[in-house]
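Produce the complete structure using the sequences and hints provided.
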Amino acid sequence: MNLAEGVQVVSFGLLALMMIGAALGVVLLSNIVYSAFLLAAVFISISGMYLLLNADFVAAAQLLVYVGAVNVLILFAIMLVNKREDFVPMTNAWIRQGATALVCVGLFALLGTMVVSTPWAISAAVPAGDESIIKLGEHFFSDFLLPFELASVLLLMAMVGAIILARREYMPEDVSTELAQPPVLTLPERPRDLVATPVDRPQFPSGNSK
Amino acid sequence: MLQVQYFLLLAAALFCIGIFGLITSRNAVRVLMSIELLLNAVNLNLMAFSNYVDPQNIKGQVFTVFVITVAAAEAAVGLAIVLAIYRNRDTVDMEQFNLLKW
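Just so you know, the sequences run in chain order Y and V. Every position in the first sequence, counted from 1, becomes a number in my numbering once 8 is added. Every position in the second sequence, counted from 1, becomes a number in my numbering once 75 is added.
Please keep in mind that the hints were generated in silico from the structure rather than gathered at the bench. Ideal Cβ placement from N, Cα and C applies to all residues, glycine included.
Restraint-style ranges between C-beta atoms, simulated for each label pair: (1) Y/N100 <-> V/R162: 24 to 32 Å; (2) Y/I142 <-> V/M76: 20 to 28 Å; (3) V/K134 <-> Y/A132: 13 to 21 Å; (4) Y/A77 <-> V/K134: 21 to 29 Å; (5) Y/G29 <-> V/V145: 21 to 29 Å; (6) V/L77 <-> Y/R176: 49 to 57 Å; (7) Y/N100 <-> V/K134: 42 to 50 Å.
Which chain V residues stay away from chain Y? Per the calculated CB distances, all over 10 Å, these: (8) F172; (9) N173; (10) L175; (11) K176.
So, in structure tokens, the structure goes:
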């Protein structure tokens, strides 16, 4: 990206503020639907960071995969387990939270001093920029070909595993009995109605039983 | 000019927030969201190194794409596990998932 330095610094600051604020909201807010939408804000700001880091393709992949797939999946999971329950308050919960906060702040201090004090081997070469997607494709189909194919196998296994894990173990009996009855007395376009009909309704309305 | 340290500090902050949420949150879906935060922090680190240390031969971006792939698979399987646990235990409280405790 050919942006002026001031534009880069200002957009970095805005994206960093948005990212940290949204991440704190994800962790700290009590309503989990707000957390899910703030997670989308985190993903979008990270995608902007990738644009600042001269990586167009990965920014687009981040938007598509995270915002478009993972976040929607999380929203569907929230809707499926939508039970507004008040958790039983634990005894000494504040000790756990305080200790965790202490450890996290300490970890951040450690990482921060390491990052600041290490002399990074910054390369002076011109970044790939617009040719990054070509380089990425060359990597995928030459020296990273085996991991690339294994990733597709992994995705297939994850898909099958997710279906098997989330599937209901049993079918409700009323639906199976409704299906077992031969719908000989109904019009050909009606049986879809029969499957969706609950048990308590009469099975064949008198109007179309001839 | 933007330095590599800025991105690394930002990724470290995001990682620490993710760990805090991973340990302290009680909703199982929020734990999965914290794991996504952790993976994104790692991705940001990889991209920063890819741009500043290895700008011509961008292998960090390749690793980032692989991490994104694995994260998508992890999210799908993790949410399926959460659904299965919710169906069995009728709660998403992490403190109630102590079936394997002696």
